[in-house]
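Top to bottom, those sequences are chains A and B. Just so it is clear: in the first sequence, position 166 is 1349 by our numbering, and no numbers are missing. Just so it is clear: in the second sequence, position 89 is 109 by our numbering, and no numbers are missing.
If you're looking for bench data, these hints aren't it; they were derived computationally from the structure. The beta carbon of each residue, even a glycine, is placed where N, CA and C say it ideally should be. Nothing false has been slipped in among the hints.
Residues on chain B that point at chain A, a partial pick, calculated with CB under 7 Å:
| no. | residue |
| --- | --- |
| 1 | 56 |
| 2 | 57 |
| 3 | 59 |
| 4 | 60 |
| 5 | 83 |
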Amino acid sequence: MEAKKTPLYEKHVQAGGKIVEFAGYLLPVQYPTGVIKEHMAVRTACGLFDVSHMGEITVKGKDAVRFLNHLLTNDYTVMEDGQARYSPMCNPEGGVVDDLIVYKVQEDDYFIVVNAANKDKDFAWIKAQVQGNVEVQDISETIAQLALQGPKAETILKKLTAEDQIPTGYYTANFQGTVAGFPAIISRTGYTGEDGFELYVSPEHAPALWDLLLENGAEEGLIPCGLGARDTLRLEAAMPLYGHEMNDEITPRTAGLGSFVKMKKEEFIGKEALERLGKPTERRVGLKVTGKGIAREHQDVYADGRKIGVTTSGTHSPYLKYPIAMAIVEDAYRAVGTQVEVDVRGRRVAAEVVKLPFYKKD
Amino acid sequence: MNFPKDLQYTRTHEWIRYEGESAYIGITDYAQDQLGDLVFVNLPEVGDEVMAGEPFGDVESVKAVSDINAPVTGVVEEANEALADTPEAMNEDPYEAWLIKVGEISATVDLMDAEAYEAFVAEEG
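Model the full assembly from the supplied sequences, consistent with the hints where possible.
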């Protein structure tokens, strides 16, 4: 299948973005500025990302809440209009189909954002689970998404949006917003560990909005950022990524997402399996590499002379300036301070279990 | 992109500069541009043998790791340990930031001059 272009593809090419295929889309992994500077712009000023590859699905109908509570591990019973709530979506074995964010638009009307790589699978899965009076629609093709992330994000957004339109609480959204005159969902969310916004707009408005944001944010230090920085930012913030920290065999509790699994709910897909599995025997931990080398994903972790786990993501942390990784290890080795080794392409490199997240904004 | 005339180049984007019986080896401007911000280098030790066409070390950018191949067979006389603290030097000045100096050279891979390498890169890019 040929890779798709987002509505901002031409902008990325014009800006010298290094284009790669990701989840079936042609997207910039970085601009000529480079991953480290893009990363630091988000930590200290602001960065703009094209995340139009993400999938959007609507769930509407009289039984929408009941259905979401069946479909997802989190509890959607009590929610304000405009509120967002994260959840894993489990299979009957307790593994994870995907992780996603559900917004309550209004009564009986929900908006779900899913991972790009999973959107077709998710849509088919969600449709197959439907119970009661519920209508599920994949509206991904009608939406472009721009993520404006960093401590200066609000200052920049205020230049293009009336202040009363900007949601004040983290994980809340305004579904009737306008940015630079374009209708937009303005959501105070992100995948970077910083304050910021995700703006959902019509694909035809996305290029103009992209330019306006960059123009208006220039004095605050806003620059476009690619997938490379998106990954290093989420890793420092210890935000899990589907296919790395969780998959259809790793349970949410193993992935450290137990707080988003409401075992007190009467039922949900995967509940029986999670009850049967009980306390996980392996957990997600953070590793700080103390030896020489950079741990990457899928590398074996050793302690006491034997394999005790495997890394799920790893990189050089641009902010902390040392290599970091997340790993899933046997429960006995998850205490902060535990000394381990990572097999980095045949070399054993020393690492230490550290507290997650690696980075937390002030 | 810069292709100094006094160097020779490999198809795997290393450069080599002979000095008497020895040679300095590094990565090309094209290589550093493709790799992005470099943050780590893993070098052999003095006295280690390197084999023409075989990896002798690796460099890592934020995103990925990449093997560095030896253009020649020989013995490591010096390793540029300073790069461990300043891997960004390979981005900033790839032709000054040599990785290793090799002596007792006995074999070589097919090397290109600056012109041929520039054409090779143009084709690959």
